[in-house]
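Taken in order, these protein sequences are the chains called Y and U.
Residue 52 in the numbering used here sits at position 52 of the first sequence, and the numbers go up by one each step.
Residue 44 in the numbering used here sits at position 44 of the second sequence, and the numbers go up by one each step.
Derived by calculation from the structure, the hints in this document are not laboratory data.
Hints may contain errors.
[Stated by the list, open to error] Calculated cross-link-like contacts (lysine-lysine; reagent style DSSO-like; alpha-carbon spacing at most 30 Å): (1) Y/K5 x Y/K99; (2) U/K68 x Y/K42; (3) U/K68 x U/K78; (4) Y/K15 x Y/K5; (5) Y/K57 x U/K68; (6) U/K24 x Y/K99; (7) Y/K15 x Y/K42; (8) Y/K57 x Y/K5; (9) Y/K99 x Y/K15; (10) U/K78 x Y/K42; (11) Y/K57 x Y/K42; (12) Y/K58 x Y/K42; (13) Y/K68 x Y/K5; (14) U/K78 x Y/K57; (15) U/K78 x U/K24; (16) Y/K99 x U/K68; (17) Y/K71 x Y/K57; (18) Y/K42 x Y/K5.
Chain by chain, the residues:
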Amino acid sequence: QQQVKQSPQSLIVQKGGIPIINCAYENTAFDYFPWYQQFPGKGPALLIAIRPDVSEKKEGRFTISFNKSAKQFSLHIMDSQPGDSATYFCAASLTGFQKLVFGTGTRLLVSP
Amino acid sequence: DAGVIQSPRHEVTEMGQEVTLRCKPISGHNSLFWYRQTMMRGLELLIYFNNNVPIDDSGMPEDRFSAKMPNASFSTLKIQPSEPRDSAVYFCASSSTVNYGYTFGSGTRLTVV
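If we strip away everything but chain Y, and leave its shape as in the complex, we get (with noise of 0.2 Å):
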């Protein structure tokens, strides 16, 4: 029930492309689902936050979608670049506890 399921494990689009990477999870007492970006020889960075109130969030070109009663979230990446290039990871928390379960991470590959 700690889990967060993310697939897929990895993508390959090109420039200009929308990847769209999503996450499952179980336990309905999650409350915060952040999405962090790891550049090689870097540690994960946060990108982008949701909580289950909103069903969309957008910061510029990246946009979580949240589905509460499939219990399931996504990230896309509108206009993709190869700069945007980079190992994906979802997670997710409860209230009160800071302690955050990640999925295994979609390595992205955006091609010039």
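The hints should help you fit chain U onto chain Y, whose structure is shown.
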């Protein structure tokens, strides 16, 4: 702010040796996390502290691993004795109770030969 500072960036050691990884969290953050990242297992939470107190160490793989946080600005992760299977990138992260977002350090790449 300099962010979360980890040292060393790279460590190569022989099997059986003691290894100590260090972390300085962001000032004002009251939670600190140690993660291990490998290709096979992804990001694994080893232990986390809140206000310098260990809250959850269930991810520490075995007694060879220990972590301390003697004050709000410093934490160590020690492996004694080290084994080749401990080879991984170890990340430290910190956060505040106000904002659940973590800030990760750049990691320590540990190689045990």
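Checked hints:
1. For a cut-off of 30 Å, the pair hint linking Y/K5 to Y/K99 stands: about 17 Å separates their Cα positions.
2. Distance check on the hinted pair: U/K68 and Y/K42 sit about 24 Å apart at the alpha-carbon level, within 30 Å; holds.
3. For the hint linking U/K68 to U/K78, the alpha-carbon distance of about 8 Å falls within 30 Å, and the restraint holds.
4. Among the hinted pairs, Y/K15 with Y/K5 is consistent with the structure: their alpha-carbon atoms are about 27 Å apart, no more than 30 Å.
5. A hinted pair counts as satisfied when its Cα atoms are at most 30 Å apart, and Y/K57 with U/K68 does not qualify at roughly 38 Å.
6. Distance restraint check for U/K24 and Y/K99: the Cα-Cα separation of roughly 19 Å lies within the 30 Å cut-off, and the hinted pair is therefore satisfied.
7. Among the hinted pairs, Y/K15 with Y/K42 is consistent with the structure: their alpha-carbon atoms are about 23 Å apart, no more than 30 Å.
8. Restraint check: the Cα-Cα separation between Y/K57 and Y/K5 comes to about 21 Å, which is no more than 30 Å; the hinted pair holds.
9. A hinted pair counts as satisfied when its Cα atoms are at most 30 Å apart, and Y/K99 with Y/K15 does not qualify at roughly 35 Å.
10. The hinted pair formed by U/K78 and Y/K42 meets the criterion: a straight-line CA distance of about 22 Å does not exceed 30 Å.
11. A C-alpha spacing of about 26 Å is found between Y/K57 and Y/K42, which places the hinted pair at or below 30 Å, so the restraint holds.
12. Restraint check for Y/K58 and Y/K42: the C-alpha separation of about 24 Å stays at or below 30 Å, so the hint holds.
13. This hinted pair checks out: Y/K68 and Y/K5 have alpha carbons roughly 15 Å apart, not beyond 30 Å.
14. With a C-alpha separation of about 40 Å, the suggested pair U/K78 and Y/K57 falls outside the 30 Å cut-off, and the hint is violated.
15. At roughly 15 Å between alpha-carbon atoms, U/K78 and U/K24 fall within 30 Å of each other, so this suggested pair holds.
16. Between Y/K99 and U/K68 the alpha-carbon distance is near 18 Å, which keeps this suggested pair within the 30 Å criterion.
17. A hinted pair counts as satisfied when its Cα atoms are at most 30 Å apart, and Y/K71 with Y/K57 qualifies at roughly 16 Å.
18. Taken as a hint, the Y/K42 and Y/K5 pair is honoured in the structure, with Cα atoms around 23 Å apart against an allowance of 30 Å.
The structure does not agree with the numbered hints 5, 9 and 14 stated previously, though it agrees with the rest.
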